[in-house]
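Quick note, the sequences are listed as chains A and B, same order. Residue numbering for the first sequence follows the working numbering, beginning at 26 and increasing consecutively. Residue numbering for the second sequence follows the working numbering, beginning at 869 and increasing consecutively.
Accuracy of the hints is not assured; some may be wrong.
So, partial list: chain B residues that the calculated Cβ filter (under 8 Å) puts toward chain A [as the list claims (entries may be wrong)]:
1. T985
2. E988
3. A1008
4. Q1226
5. S1229
List time: in silico SDA-like cross-link candidates among lysine to any residue, alpha-carbon distance up to 25 Å [to be verified]:
6. A:K70 - B:G1171
7. A:K87 - B:W1000
8. A:K87 - B:M1065
9. B:K1102 - B:D907
10. A:K85 - B:Y971
11. A:K87 - B:F1025
12. A:K87 - B:D1144
13. B:K1129 - B:P1142
14. A:K87 - B:N1062
15. B:K1102 - B:Q927
16. A:K85 - B:P932
17. B:K884 - B:Q927
18. A:K70 - B:G1166
19. A:K70 - A:R122
20. A:K85 - B:D1144
21. A:K85 - B:N1062
22. A:K70 - B:E1224
23. B:K881 - B:E1224
24. A:K87 - A:D108
25. B:K1102 - B:S936
26. A:K70 - B:P1142
27. B:K1129 - B:F1025
28. B:K884 - A:H132
29. A:K70 - A:G134
30. B:K1102 - B:D1144
31. A:K85 - B:A902
32. B:K881 - B:D871
33. B:K1136 - B:L1096
34. A:K85 - B:K1136
35. A:K85 - A:R38
36. A:K87 - B:K884
37. A:K87 - B:I987
38. A:K70 - A:N114
39. A:K70 - B:H1023
Think of the hints as simulated: they come from the structure by calculation, not from any bench. A virtual CB, placed ideally from N, CA and C, is assigned to each residue, including glycine.
In case you want the letters, here they are:
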Amino acid sequence: MAVEIGASLAGYRSASGEITIPVPGSTLEHVPADAEPRVFAGGGKVLTYSIVHVSTTRFKDKAPYALAIVELDEGARLMAIVDGGTAANLAIDGRVRYAHSDQYGHHFGID
Amino acid sequence: MRDIVVVGAAETKFGKLESSFRDIAVEAANAAMADAGIDRQQIEAMYLGTFSPGTFIHQEHPAPLVASMLGLAHVPTTRTENACASGSSAFLQGLMAIGSGMYDTVLVVGAEKMTSTPIEETTQILAEAADWESETLAGATFPSLFALMARRHMHEFGTTRAHLSAVAIKNHHNAFRNPYAQFHREITEADINNSAMIADPLTLYDCSPVTDGAAAVVISTRERARNLAGQPVKVLGFGQASDSLSLFRREDMTCLVSARKASERAYKMAGIGPSDVSFAEVHDCFTIAEIVATEDLGFFDRGQGGPAALAGETALNGRIPVNPSGGLKGKGHPVGATGVSQVVESVFQLRGTAGERQVASRDIGLTHNVGGSGATCVVTILGQAA
């Protein structure tokens, strides 16, 4: 079974209690047999953020980009890109909303 | 556990070196054995800390390679990998081997050859020590992980740009006095403010450099050291702890619980507290990391690491000198060598042979070596053998 990504932000809760929201292309898209599927509404807040100027080779064409740790309203956390985010318009505790997922992971927009 | 001493210590110059991985590892190891006044036939085992020779120089299985180049025929050799704490993890293996009575004399080497790899590849290799599936694939780099901590630390405690800069300025000042260091240039606040942004709020001068280098120590028992030429330094305590590999899974992103736990264990074993420490070599891979370390180790209250650095409390002549070597920031950060190099510097300081960067009070030295964004931490405490 694989997590469906695109229409909504989906993940699962493993037997150990850890919530995983798999990045597209990662092996974590395979849901363990004893895990519970979870779907998230997409709203959340920024716990912290950085504008990444020097990236890995994989993200070379994206830099600079805004990277954030987002806490979803349901309590789960993930690392994600905030599209359009800058040092001027991002803030800790600022609201963001899930937009889409692609080869660069999950994308949020400023809410 | 038996009494353990470090009886030999040495390192190569750090920086962009022409020499190969094997050459620098051998250079440091031979120098450490010479410092101990020991013959290679007396080495019973060797531990090699190195992070990623398989990607940096396409060489896995490096421990027997280095041992054979040293003429250590058939001794047991083991390579340790714990990201940037690979060197201190090798040191801990050596301590436990001696302390348990398994061996009487072992060699610990840390080495990394990084500068022959293009910088974007290096950024990617280092980022592989984060949670690849949940962080690196989502865009994280190591500077960005520490930038995320810095931003949160600033938010919760009011840490400022000036606090971060004070760490970089101090560590370049100390490195200027260290002949082994990569950088021999004092820097100013203006240099930092005008340098390239790497991961906001961290600029180029907030980041440790890409470095080649190696360091080595000879560990033995107190009894055996009495017959050796090297001036021994006693191992008073050590501790290791781990945490979630992913930064976002940690409840608190403004401290490293692994460092708090590892130091608690080391302090307890040594029978001392933070106020007893004379100086510390801490893992300042980024300026914010030194501020967080000085709080985690109990030198300052939460949120006070930045103001203390700015006030000069961690300077060479301060209340608690931090990174007299110049730290990772000024001395350089050859990943697998760093943890061993911190021990080497502590031995030099405790012996009173650190030259222009010698600290005044040299009773007890502490090393703090972090792997990943804090998933691993090793703390050791060294003191006079008396």
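Now the hints, each set against the structure:
1. With a least beta-carbon distance of about 11 Å to chain A, the hint placing T985 (chain B) at the interface is violated under the 8 Å criterion.
2. Interface restraint check: E988 (chain B) against chain A, minimum CB-CB distance 5 Å, threshold 8 Å, status holds.
3. At a threshold of 8 Å, the smallest CB-CB gap from A1008 (chain B) to chain A is about 6 Å, leaving the interface hint in force.
4. With 8 Å as the threshold, the beta carbon of Q1226 (chain B) stays out of range of chain A, its nearest partner Cβ sitting at about 36 Å, so the hint is violated.
5. Restraint check, S1229 (chain B) versus chain A: the minimum CB separation of about 37 Å is more than 8 Å; hint violated.
6. Note on K70 (chain A) and G1171 (chain B): the hinted pairing holds, with a Cα-Cα distance of about 23 Å set against a maximum of 25 Å.
7. A threshold of 25 Å between alpha carbons decides the hint, and for K87 (chain A) with W1000 (chain B) the separation of about 18 Å falls inside it, so the pair holds.
8. With a C-alpha separation of about 16 Å, the suggested pairing of K87 (chain A) with M1065 (chain B) holds against the 25 Å cut-off.
9. Among the hinted pairs, K1102 (chain B) with D907 (chain B) is consistent with the structure: their alpha-carbon atoms are about 21 Å apart, no more than 25 Å.
10. Between K85 (chain A) and Y971 (chain B) the CA atoms are separated by roughly 49 Å; this puts the pair beyond 25 Å, and the hint is violated.
11. At roughly 32 Å between alpha-carbon atoms, K87 (chain A) and F1025 (chain B) are farther apart than 25 Å, so this suggested pair is violated.
12. Under the criterion of a C-alpha separation no larger than 25 Å, the hint pairing K87 (chain A) with D1144 (chain B) is inconsistent with the structure, at around 48 Å.
13. A distance of roughly 13 Å separates the Cα atoms of K1129 (chain B) and P1142 (chain B); the hinted pair therefore holds under the 25 Å criterion.
14. Under the criterion of a C-alpha separation no larger than 25 Å, the hint pairing K87 (chain A) with N1062 (chain B) is consistent with the structure, at around 24 Å.
15. Restraint check for K1102 (chain B) and Q927 (chain B): the C-alpha separation of about 34 Å exceeds 25 Å, so the hint is violated.
16. Straight-line distance between C-alpha atoms of K85 (chain A) and P932 (chain B) comes to about 37 Å, which puts the hinted pair past the 25 Å bound.
17. Restraint check for K884 (chain B) and Q927 (chain B): satisfied, since their Cα atoms lie roughly 19 Å apart, inside the 25 Å limit.
18. Taken as a hint, the K70 (chain A) and G1166 (chain B) pair is broken in the structure, with Cα atoms around 31 Å apart against an allowance of 25 Å.
19. Note on K70 (chain A) and R122 (chain A): the hinted pairing holds, with a Cα-Cα distance of about 8 Å set against a maximum of 25 Å.
20. As the CA atoms of K85 (chain A) and D1144 (chain B) are separated by approximately 47 Å, the hinted pair breaks the 25 Å bound.
21. Restraint check: the Cα-Cα separation between K85 (chain A) and N1062 (chain B) comes to about 23 Å, which is no more than 25 Å; the hinted pair holds.
22. Distance hint between K70 (chain A) and E1224 (chain B) is unfulfilled; the C-alpha atoms sit about 50 Å from each other, more than 25 Å.
23. Only pairs whose Cα atoms come within 25 Å are accepted, and K881 (chain B) paired with E1224 (chain B) is accepted, the gap being roughly 17 Å.
24. Distance hint between K87 (chain A) and D108 (chain A) is fulfilled; the C-alpha atoms sit about 11 Å from each other, no more than 25 Å.
25. Annotation: proposed proximity of K1102 (chain B) to S936 (chain B) is violated, straight-line Cα distance about 29 Å (limit 25 Å).
26. Of the supplied pair hints, the one linking K70 (chain A) and P1142 (chain B) is violated, its CA atoms being roughly 37 Å apart against a limit of 25 Å.
27. Proposed proximity of K1129 (chain B) and F1025 (chain B) is supported: the alpha carbons are some 22 Å apart, at most 25 Å.
28. Under the criterion of a C-alpha separation no larger than 25 Å, the hint pairing K884 (chain B) with H132 (chain A) is inconsistent with the structure, at around 38 Å.
29. For the given pair, K70 (chain A) sits about 11 Å from G134 (chain A) by alpha-carbon distance, which is consistent with the 25 Å threshold.
30. With a C-alpha separation of about 15 Å, the suggested pair K1102 (chain B) and D1144 (chain B) falls inside the 25 Å cut-off, and the hint holds.
31. A threshold of 25 Å between alpha carbons decides the hint, and for K85 (chain A) with A902 (chain B) the separation of about 47 Å lies outside it, so the pair is violated.
32. Of the pairs offered as hints, the one joining K881 (chain B) and D871 (chain B) is violated, with about 31 Å between alpha carbons and a cut-off of 25 Å exceeded.
33. Taking the CA atoms of K1136 (chain B) and L1096 (chain B), the gap is near 30 Å; set against the 25 Å cutoff, the hint is violated.
34. Between K85 (chain A) and K1136 (chain B) the CA atoms are separated by roughly 46 Å; this puts the pair beyond 25 Å, and the hint is violated.
35. At roughly 32 Å between alpha-carbon atoms, K85 (chain A) and R38 (chain A) are farther apart than 25 Å, so this suggested pair is violated.
36. The hinted pair formed by K87 (chain A) and K884 (chain B) fails the criterion: a straight-line CA distance of about 29 Å is larger than 25 Å.
37. Annotation: proposed proximity of K87 (chain A) to I987 (chain B) holds, straight-line Cα distance about 17 Å (limit 25 Å).
38. Among the hinted pairs, K70 (chain A) with N114 (chain A) is consistent with the structure: their alpha-carbon atoms are about 14 Å apart, no more than 25 Å.
39. For the hint linking K70 (chain A) to H1023 (chain B), the alpha-carbon distance of about 15 Å falls within 25 Å, and the restraint holds.
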